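Student: Listed below, chain by chain, are the residues.
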Amino acid sequence: MYAIEALSLSKRFGDIQALSHVDFSVTEGETFGFLGPNGAGKTTTIRILTGITTPTEGTARIFGRDIVRDTIAARRQMGIVHETSNIYTDLSAWQNLMFTAELYHVSRKDREKRGTELLELFGLFERRHDKTNGFSKGMKRRLTLAMGLINHPRLLFLDEPTSGLDVQSNLIIRDVIRELNETGVTVFLTTHNIEEANLACDRVAIINRGQIAAIDSPERLKHTIQSVQSIDVAFDPVSPVRIEDLLQVPHVSEVRKNGDKFRLITEDPPGVIDGIMDYASTHHVRVISVNTLGPSLEDVFIRLTGLDIRTKGVKTVD
Amino acid sequence: MTDLAEHCGQFCTELNAAWAIAKKDILIYYLKPNIIVSGLLFPLFMFLAFAVGRPAAPSVMIPGLIAITILFSASSIEPVSIPIERRMKTFDRLLSAPISLHTVVLGESLSGFLYSLGIAFVPLIAGFILFPTQIIGIAPLVVGLLLTSFCFATMGTLFAAYPTESPGDIMSMLNLVRLPLIFVSGVFIPLEQIPPIGQFVTFLSPLTYGNDLISAAFAGNTHFNPLIDILMLCIFILIFQFVANHLYKKFNE
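Residue numbers (the numbering used here), protein chains in the order written: chain A, 1 to 318; chain B, 1 to 253.
Hints were generated in silico from the structure; no laboratory data involved. All of these numbers come straight from a predicted model, not from anything done at the bench. Where a beta carbon is used, it is the ideal one built from N, C-alpha and C, also for glycine. Some clues are possibly wrong.
[What the hints assert, rightly or not] To spell it out: a stretch of chain B is covered by chain A in this simulated footprint if at least three of its residues, at any positions, have a beta carbon under 8 Å from a beta carbon of chain A; those stretches are: (1) 7-17; (2) 22-36; (3) 79-90; (4) 223-229.
[As the list claims (entries may be wrong)] Below, a list of computed lysine-lysine pairs in the DSBU-like style, where the Cα atoms sit at most 30 Å apart: (5) A:K261 with B:K89; (6) B:K249 with A:K113; (7) B:K250 with A:K131; (8) A:K137 with B:K89; (9) A:K113 with A:K137; (10) A:K113 with B:K250; (11) B:K89 with B:K23; (12) B:K32 with A:K131; (13) A:K109 with B:K249; (14) B:K23 with A:K131; (15) B:K32 with A:K137; (16) B:K32 with A:K257; (17) B:K89 with B:K249.
In isolation and in its complexed conformation, chain A is listed as follows:
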């Protein structure tokens, strides 16, 4: 049985087609990443899968339960960590957890035991009786995750779990996600952090303009665009090197400056290495390091969503 089955999900808001025949399935115990630019349909998909919104067409099942017709039974299987840390800031961490437990029908004995475990796990036990309006962003996020786990969910929806967090919170949350996965909990993760998806997910779906552009494991997705290979090259800092000059090197299609290095995108890495050496020799600059790189998940994402990040910010290319 699948943990999630989305069958031809469509959602229309007036004239706007937010989702168009989205199909995917998530197997039990899998960590499934859901990537897409802003406005691609990620939030709408999560709202449908959690039963907050109904689809205009199509169906979604959670462990075989139809989310529209059997909403409550489907929701009992899941924990939800919303994008915003939506905790009650006038309540203490303990009160927040106990309230969520009551909403999810967790028995008094179990919720107190589970609440204590979770607060200890997330490093919040000492502050359990403090009102949460004094909590840092990371502490609020950790509490939100604890609230999502209070009912021992078989399926956890995580919407941007580590966005903008401090290092400590980031590490705790990533460890918990990994441990959850090891204990068989299915994780549905939406994130902007492509590297996070690359490291944490068994499979990734890339959604763009309301349609699924690709679904596969991160490694297999990278193999689909082997043509996007790159070379990272660092020159002696005293040697003036311009992007325009590197673009003249044969077989280089694009150059990005990453810190003290240049990333040269190419379909022919050996040819480019020769070209760089020629360039260094003729311009009397010293090459400090050269590394060849395969395509990253970010490259796949850019290729599939048609995003252009060469300019400042991110813009959509029609």
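Since chain A is already given, all that's left is putting chain B on it; use the hints.
Tutor: Below, chain B without anything else, positioned relative to chain A:
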């Protein structure tokens, strides 16, 4: 038999969840300044402005004061709490929990109901201390307080369905309804003295039946049979509950 037990179990868990929502509101919102102002002070000053100096007996004035206090206090919690929770995104917690939308509406209404029951004791006790009032019917008083409070709490939840993050937007709409209700429901003007065209409107106001039922406890005489008052209040509660449920569903799409 198993199905019945299952349904009873499900009903109890839904009630527990509704009570959890009410407890959360009690902890967070009861002492918010705007709720105290709109739930307690506003009806008090409204009453003083219209009632002081009028030659009406305390047994007529006190039920009116109790009725409008309930109207304002019961319908003041959700129009403040729900928009705030929409802004803080905590309302999504309720909408995505394994409970029915009816339970969310019931839980939200429960907090307004309990708040107004507590507040209603202020004019009730003041009536005893300051005026020579006497309660001649405990049953209509208890039933009147309970049904009127729950009816207006559900009305507050219904208005709060409007999808805004600003409590002021809902309060403005609500006052457009609450203020006229006071004048067409026999609180300040006896129903017999309202012109025929206005009398039709009085039948559409739940405050008419609430005020009439509470008056029965003090004056002993009512415009309608108390059973009619009870029936009408129950009908209004059901209508508000189902319309609220429908609107929350519709506005979440």
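Student: Each hint should be assessed against the structure and marked as holding or not.
Tutor: So, going through the hints one by one against the coordinates:
1. 7-17: holds (count 3)
2. 22-36: holds (count 4)
3. 79-90: holds (count 3)
4. 223-229: This one is violated; 0 residues, fewer than the three required, reach chain A with a Cβ under 8 Å.
5. A:K261 with B:K89: 42 Å, violated
6. B:K249 with A:K113: 35 Å, violated
7. B:K250 with A:K131: 34 Å, violated
8. A:K137 with B:K89: The given pair, whose Cα atoms are some 15 Å apart, holds under the 30 Å limit.
9. A:K113 with A:K137: Answer holds: A:K113 to A:K137 is near 25 Å, not above 30 Å.
10. A:K113 with B:K250: Given that 30 Å is the threshold and the Cα spacing comes to 38 Å, the pair is violated.
11. B:K89 with B:K23: 19 Å, holds
12. B:K32 with A:K131: 16 Å, holds
13. A:K109 with B:K249: 33 Å, violated
14. B:K23 with A:K131: 16 Å, holds
15. B:K32 with A:K137: 25 Å, holds
16. B:K32 with A:K257: It is violated: about 54 Å lies between the C-alpha atoms, which goes past 30 Å.
17. B:K89 with B:K249: 17 Å, holds
Violation of the numbered hints given earlier is confined to hints 4, 5, 6, 7, 10, 13, 16; the remaining hints are satisfied by the structure.
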